[in-house]
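Protein chains: 6
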Amino acid sequence: MINRDQLLSFIREDAPYGDVTSEAVIGNESCKATICTRQKGVIAGLEEAGALCSEYHITVRFGLNDGACAEPGALLLSLTGRALDILLVERTLLNIIGRMSGIATLTRRLVEKVSRVNPGCRIACTRKTAPGLRGLDKKAVLIGGGDPHRFSLSDGILIKDNHLALVPLEEAILRARKYSSYRTIEIEVEDDDRAVRAAVAGADIILLDNMSPDGIARTLQELNRCGLRDRVVVEISGGITESNIAHYAGLGADVISLGILTHSVRNLDVSLEVIR
Amino acid sequence: MINRDQLLSFIREDAPYGDVTSEAVIGNESCKATICTRQKGVIAGLEEAGALCSEYHITVRFGLNDGACAEPGALLLSLTGRALDILLVERTLLNIIGRMSGIATLTRRLVEKVSRVNPGCRIACTRKTAPGLRGLDKKAVLIGGGDPHRFSLSDGILIKDNHLALVPLEEAILRARKYSSYRTIEIEVEDDDRAVRAAVAGADIILLDNMSPDGIARTLQELNRCGLRDRVVVEISGGITESNIAHYAGLGADVISLGILTHSVRNLDVSLEVIR
Amino acid sequence: MINRDQLLSFIREDAPYGDVTSEAVIGNESCKATICTRQKGVIAGLEEAGALCSEYHITVRFGLNDGACAEPGALLLSLTGRALDILLVERTLLNIIGRMSGIATLTRRLVEKVSRVNPGCRIACTRKTAPGLRGLDKKAVLIGGGDPHRFSLSDGILIKDNHLALVPLEEAILRARKYSSYRTIEIEVEDDDRAVRAAVAGADIILLDNMSPDGIARTLQELNRCGLRDRVVVEISGGITESNIAHYAGLGADVISLGILTHSVRNLDVSLEVIR
Amino acid sequence: MINRDQLLSFIREDAPYGDVTSEAVIGNESCKATICTRQKGVIAGLEEAGALCSEYHITVRFGLNDGACAEPGALLLSLTGRALDILLVERTLLNIIGRMSGIATLTRRLVEKVSRVNPGCRIACTRKTAPGLRGLDKKAVLIGGGDPHRFSLSDGILIKDNHLALVPLEEAILRARKYSSYRTIEIEVEDDDRAVRAAVAGADIILLDNMSPDGIARTLQELNRCGLRDRVVVEISGGITESNIAHYAGLGADVISLGILTHSVRNLDVSLEVIR
Amino acid sequence: MINRDQLLSFIREDAPYGDVTSEAVIGNESCKATICTRQKGVIAGLEEAGALCSEYHITVRFGLNDGACAEPGALLLSLTGRALDILLVERTLLNIIGRMSGIATLTRRLVEKVSRVNPGCRIACTRKTAPGLRGLDKKAVLIGGGDPHRFSLSDGILIKDNHLALVPLEEAILRARKYSSYRTIEIEVEDDDRAVRAAVAGADIILLDNMSPDGIARTLQELNRCGLRDRVVVEISGGITESNIAHYAGLGADVISLGILTHSVRNLDVSLEVIR
Amino acid sequence: MINRDQLLSFIREDAPYGDVTSEAVIGNESCKATICTRQKGVIAGLEEAGALCSEYHITVRFGLNDGACAEPGALLLSLTGRALDILLVERTLLNIIGRMSGIATLTRRLVEKVSRVNPGCRIACTRKTAPGLRGLDKKAVLIGGGDPHRFSLSDGILIKDNHLALVPLEEAILRARKYSSYRTIEIEVEDDDRAVRAAVAGADIILLDNMSPDGIARTLQELNRCGLRDRVVVEISGGITESNIAHYAGLGADVISLGILTHSVRNLDVSLEVIR
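Protein chains in written order, with the numbering used here: chain D, 19 to 294; chain Y, 19 to 294; chain H, 19 to 294; chain X, 19 to 294; chain F, 19 to 294; chain W, 19 to 294.
Hints may be right or wrong, so weigh each one.
Copies of the same chain look alike in the list, so a pair counts if it works inside one copy or between any two.
Below, a list of computed lysine-lysine pairs in the DSS-like style, where the Cα atoms sit at most 30 Å apart [said to hold, decoys possible]:
1) Lys131 with Lys178
2) Lys50 with Lys196
3) Lys131 with Lys196
4) Lys196 with Lys178
5) Lys50 with Lys131
6) Lys58 with Lys196
7) Lys178 with Lys58
It should be emphasised that the hints constitute simulated quantities derived from the structure, not laboratory data.
Start from the sequences and build out the full structure, keeping to the hints where you can.
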């Protein structure tokens with residue numbers, strides 16, 4: 019779902035009083051332009067770019083679609099319109115495509131790494147997104163093949179250590195179940211004992227947070243031993259990087275979640291060139 | 019300047035229908051909480067965090083101020099308020115502080131690297147920010163000791179290659195000068211010849227874009243030779259990384275601008291812990 | 019969570035150019051006022067009313083709290099402030115409290131009716147709310163003791179007949195499962211055969227829509243017979259009214275959902291009286 | 019007048035992060051859909067529904083127009099577009115049409131009841147609308163044949179008991195007249211004595227609030243006797259229901275106003291069906 | 019009624035990225051400042067200025083109140099707060115006070131001129147306000163002693179020549195009366211014949227637009243002769259200036275309306291001085 | 019750059035609940051209309067008017083373009099659309115065109131007056147605009163041939179007397195230079211001594227504020243004598259009116275700035291006529 023209001027707010031941010039350079043130096047002429055990538059990557063943000071262009075009467079032809087894996091130099095979009103309009107939206111288009119493609123590219127790379135070791139294990143992002151960009155960041159993860167996890171505090175129950183500082187584990191799960199019949203209940207634990215207690219108490223998802231590979235393995239065994247493994251989804255998180263993810267993936271969890279997918283984005287390098 | 023509307027919009031993004039977990043599992047009790055950094059870095063975003071807390075009647079005590087260099091484990095903020103409110107704003111606070119501190123930290127590191135080689139040379143960021151976060155990203159650069167460059171298309175004239183595809187260089191500068199007596203005129207060039215032509219035509223700032231160190235050195239000499247060096251600010255950009263920036267800094271430009279400061283942020287790792 | 023922006027927008031709706039009557043006929047004097055209910059009911063909206071008053075520097079004392087069951091004549095709020103401000107917010111306060119209390123009152127009544135027959139059976143509302151009032155309507159249901167069900171299309175998967183017109187049942191559940199490990203998957207069916215197929219395919223919640231009591235009973239038996247009853251939550255909906263709900267409750271479903279809770283609200287009659 | 023911003027805000031309310039079900043289970047295909055009513059009623063909200071569809075590139079064919087009296091099963095709208103878009107707006111369309119048609123239907127029924135007894139007597143609504151929906155609720159009353167009364171506190175002077183607790187009746191009318199030459203002045207009274215005093219003092223409209231039929235009749239006679247009946251519009255309100263309205267209509271007032279038209283709406287039952 | 023959202027939007031307009039000068043050159047110190055007028059005039063906008071200051075934690079002491087007639091040099095407001103905050107709001111405060119006081123001053127001058135000739139004749143403004151400033155402009159007219167006329171197209175019926183190009187006069191009045199029992203009906207005419215027809219048809223207010231003094235006088239006589247003068251309010255408009263208004267006032271109309279009050283404002287000269 | 023959100027907000031301001039007159043008295047018919055000027059002037063606001071019309075499906079034909087000098091009676095725009103829509107936007111269109119053309123007309127007149135005396139001297143406006151209309155007011159000045167000066171506090175450094183009450187002149191310029199390499203530094207002075215000090219300290223622009231013609235002349239000589247004249251732009255402001263501007267223009271400054279261009283606008287008289 020495209021949020022046009024948000025896209026237009028990006029333009030107002032980049033040009034609260036218009037684009038003084040273009041207004042000063044160029045006239046009312048039309049031109050063409052191309053947006054290409056300079057790096058290999060999974061492309062995202064083209065749907066948003068297209069929607070934004072159409073608000074400015076810029077005609078768009080798609081060279082690729084969101085989700086495509088592009089080689090360096092690949093044409094993403096061809097634009098035709100007034101030069102004033104194309105230059106007005108240029109940086110915003112590139113910032114959107116660059117960030118979303120950066121997220122999608124890393125997601126896809128980790129998804130592939132993990133699936134070679136454990137095809138049933140998913141990659142998920144977290145709520146550690148750039149503030150204001152939750153929707154775009156999550157969509158980019160989806161395009162990269164990842165799981166969007168919770169969008170917000172409103173759409174799933176996740177009992178964390180900070181809750182458990184205030185209420186006992188079993189009581190927390192009981193209250194959560196009473197709150198709604200429709201929400202999955204996830205709970206964050208840091209050892210095997212609490213993992214088992216959470217599963218017994220009826221949690222749907224167990225998040226093993228900041229545990230060592232050994233601790234994770236032991237916890238999974240323990241859940242198995244108690245006949246609880248099939249009743250819960252097991253997510254692991256914390257200390258997992260691109261270099262050690264394959265090792266973690268081999269431990270047998272259902273989901274690996276990583277803040278890095280969205281809180282430490284490396285934009286894909288894309289650029290726009292005006293063609294007279 | 020704090021934009022409270024934007025801060026509140028971040029909360030609505032993270033909780034369009036409230037925080038279902040906290041509402042389900044905890045009561046109306048008060049608590050304390052601390053926000054600490056797990057990594058060494060230059061801290062930014064505390065002013066925003068404080069302003070957001072005060073919207074939710076959370077009392078804040080500052081352990082450090084924006085701009086401070088924090089060691090791992092350092093206390094940034096102490097909070098007192100309703101647990102429901104503290105947990106509602108937790109992730110947003112951390113996302114703001116994490117991103118802004120990440121930007122400030124890298125900026126400070128590059129500023130120091132450059133000033134050891136060339137104390138007169140500044141580090142600047144670009145408009146390659148996360149869409150919607152221009153103001154926060156630029157402020158973090160300032161806190162890190164960098165130059166914010168243009169905030170938007172409205173506040174300075176920068177004639178780029180895409181303009182020059184449509185209008186000749188001298189004509190562009192002439193029109194820009196005619197547009198306003200108040201704006202600096204910057205122009206992007208890719209060789210020494212055009213740098214000299216731009217200076218002769220009256221540009222205030224010359225951006226040497228994507229030029230090799232040799233090319234940059236030759237251009238600076240050429241400007242010197244023509245007696246134009248003192249009349250212009252020289253900015254260099256493109257292909258400059260943390261590992262080669264010291265070399266570039268030695269070439270004698272006035273400003274080095276880097277998209278990486280804001281388009282490929284690595285959040286500083288900060289966390290919030292509830293204390294019963 | 020209080021959305022102050024929304025509350026203030028209600029005032030702008032009721033007074034785009036101020037309150038011409040009060041500005042014309044009364045001066046800058048202070049006064050007291052009371053808000054009382056004229057009907058028996060479960061009170062909701064007081065937290066919102068209090069927050070709105072504080073935006074206008076009106077001091078509020080709570081006679082009751084949200085969730086209380088009030089007798090006719092009960093004092094809900096005492097207000098002290100400028101008469102101009104109290105009269106400006108009067109109608110908005112009453113409209114909020116009246117609507118939310120109307121919803122909470124009906125919810126509580128149905129919850130009690132059902133729990134007498136089947137204490138394990140919950141009452142839930144739907145997305146058939148007044149447009150723009152989703153959050154307030156859902157909160158009122160919670161206050162009345164009901165289940166808020168999905169807040170929006172973003173927070174849970176519910177495969178309905180209109181989806182099944184486009185994709186086969188098993189395929190739909192498979193795709194939903196693949197989309198996310200975190201969301202419950204609910205599916206709407208209209209006969210026992212599809213209910214069993216849905217449970218076998220892995221749905222978490224089965225919505226028996228517009229089925230007769232007999233059909234519902236048969237479906238529950240069939241799920242039992244197949245050993246699937248414990249693996250799914252069963253929700254029933256359609257044709258259920260205040261007069262037949264006890265009968266439906268006795269059939270053994272887990273949740274009864276009713277659009278009537280929010281789409282056909284009867285406001286609780288509350289009024290404000292100025293006391294000189 | 020259509021408020022597109024408000025219509026789009028309804029979609030963002032129902033899908034802050036998109037429609038996860040449709041995005042998960044269906045593809046990019048097109049489809050047709052029909053919106054029909056399951057109940058007899060006066061239809062309203064189709065203009066809004068059409069405007070909202072056009073924002074999502076959904077082609078609309080109108081089966082009926084606003085104000086039409088529809089039989090059960092009647093086709094209101096035919097839609098053609100992407101299934102993803104139609105399902106995204108489905109519930110919002112139905113909530114708008116359902117609520118507005120519910121209001122229009124009751125209004126029309128009361129208008130007809132009253133006009134059989136007293137063709138000169140009008141039905142009006144009040145400001146007891148759902149907060150945020152004032153414009154739509156008032157428009158639905160107009161479509162049903164009712165009088166919209168004041169839209170807001172800004173567009174007419176209505177001196178109520180709470181004003182009269184602070185300023186004497188004659189003084190209030192004097193001040194109101196002095197405030198503006200353009201506004202009608204209405205005043206709420208509860209007995210015949212004050213009704214006469216208000217008319218003598220120059221009020222344009224007298225609202226007989228919460229008076230018994232006898233009291234109303236006596237007041238109208240008294241106004242007649244004093245030669246004031248023709249100089250004022252007489253509105254009656256309070257305690258009037260669908261079952262006793264004919265009796266009240268026979269008393270000879272000019273307008274009967276009812277909060278029930280908008281504060282206790284019963285949605286008309288409408289539904290959308292996708293046709294592959 | 020103060021619209022804080024609008025006031026804050028003025029600050030965002032004047033400082034989308036903060037106040038770079040103050041942030042660059044001054045520190046976090048506190049200071050005092052005074053706002054004085056350099057010209058004699060009727061002061062307006064102080065309530066708005068005070069509300070805006072309080073959003074920035076600036077303490078305000080009022081030297082005068084809205085509506086006061088100030089001599090040159092008079093102190094309007096004393097401010098105490100952070101210099102950064104005072105300088106941030108300075109220009110916006112002055113623009114609000116300057117414009118609103120300019121409007122109030124001219125209004126008061128014309129009101130006094132007219133009342134010397136015809137104490138029963140009022141001065142009214144029109145909808146020819148600066149776009150976006152309707153509320154502030156109308157409030158300033160009220161403070162100056164004028165009549166605010168319609169705030170908007172929503173709050174009163176005014177049938178103008180452009181309507182009468184599409185529908186006959188009597189039919190238009192009939193339809194207007196049928197639309198609502200609560201709205202005054204005003205109609206614009208340009209000769210005595212139509213004025214009489216309008217009054218006969220039941221208009222409440224007759225606007226004699228762009229008529230000569232003779233034409234106005236003749237029309238008033240004609241209305242008198244037909245016994246209609248007391249049944250209508252007569253407004254005159256068009257071609258009336260500060261120099262001829264006394265003459266027009268003597269003709270006996272009830273209201274003189276002037277676009278000039280709000281469409282051609284001359285700001286009152288006010289300034290802010292920081293006191294260390 | 020057109021801000022459609024702002025244009026639509028103007029309509030909501032003028033019709034929060036629609037146009038009751040047109041809705042009451044006219045039907046759904048189409049019509050034509052013309053917008054003409056009754057006065058000679060430089061036309062501005064047509065681009066905005068066209069954009070607003072297109073939001074309401076009104077077809078527009080341009081009789082003139084922004085910047086044209088129109089004679090009385092000149093056709094500016096021809097409109098075709100639903101009468102309801104044309105009458106809804108009428109007043110807003112006229113208010114926009116009237117104000118912007120008023121600004122452009124005065125600007126052009128002063129520009130021409132000045133250029134006859136001193137072709138190198140520019141006319142600039144200030145930040146003394148109507149609050150909320152900064153962008154439109156500045157655009158109108160540009161259309162009239164003026165310099166827009168700073169749009170806001172964010173886009174250029176201007177050190178004023180209120181800053182200099184808090185920090186010494188040289189220190190202020192030093193800090194400003196350190197803040198950014200990209201911003202011009204302007205400083206306001208009131209005598210020749212400080213003008214020279216400012217130029218020596220490196221200011222780019224010297225604003226001679228409220229100085230007599232003699233003082234200005236002496237300051238320019240002094241700057242010349244010190245060899246600083248070519249290094250700075252000299253702006254003069256304060257006490258300059260349409261009648262004395264030619265004299266000031268002859269003194270040799272580079273820019274004359276006037277608040278009057280935007281704070282005391284006289285709307286150009288434009289009107290809309292419906293043609294059946």
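### Task
Go through the copies and call it for Lys50 and Lys196: within, between, both or neither, with a Cα cutoff of 30 Å.
Between copies only: 27 Å across, 59 Å inside.
### Intra/inter-copy verdict for Lys58 and Lys196 if alpha-carbon distance must be at most 30 Å
between (49 Å within a copy, 27 Å between copies)
### Message
I want to check one pair: Lys178 and Lys58. Are their C-alpha atoms no more than 30 Å apart within a copy, between two copies, both, or neither?
### Response
Answer is between; shortest inter-copy Cα gap is 25 Å, intra-copy 38 Å.
### Task
Using 30 Å as the alpha carbon limit, work out where Lys50 and Lys131 are close: within a copy, between copies, both or neither.
neither (39 Å within a copy, 41 Å between copies)
### Message
Treating 30 Å as the Cα threshold, decide for Lys196 and Lys178: within, between, both or neither.
### Response
Cα proximity of Lys196 and Lys178: in one copy and across copies (18 Å, 25 Å).
### Task
If the cutoff is 30 Å on CA atoms, where do Lys131 and Lys196 land: within, between, both or neither? Let me know, please.
between (39 Å within a copy, 18 Å between copies)
### Query
Using 30 Å as the alpha-carbon threshold, which applies to Lys131 and Lys178: within, between, both, or neither?
within (28 Å within a copy, 36 Å between copies)
In terms of the numbered hints stated before, the structure departs from hint 5 and from no other.
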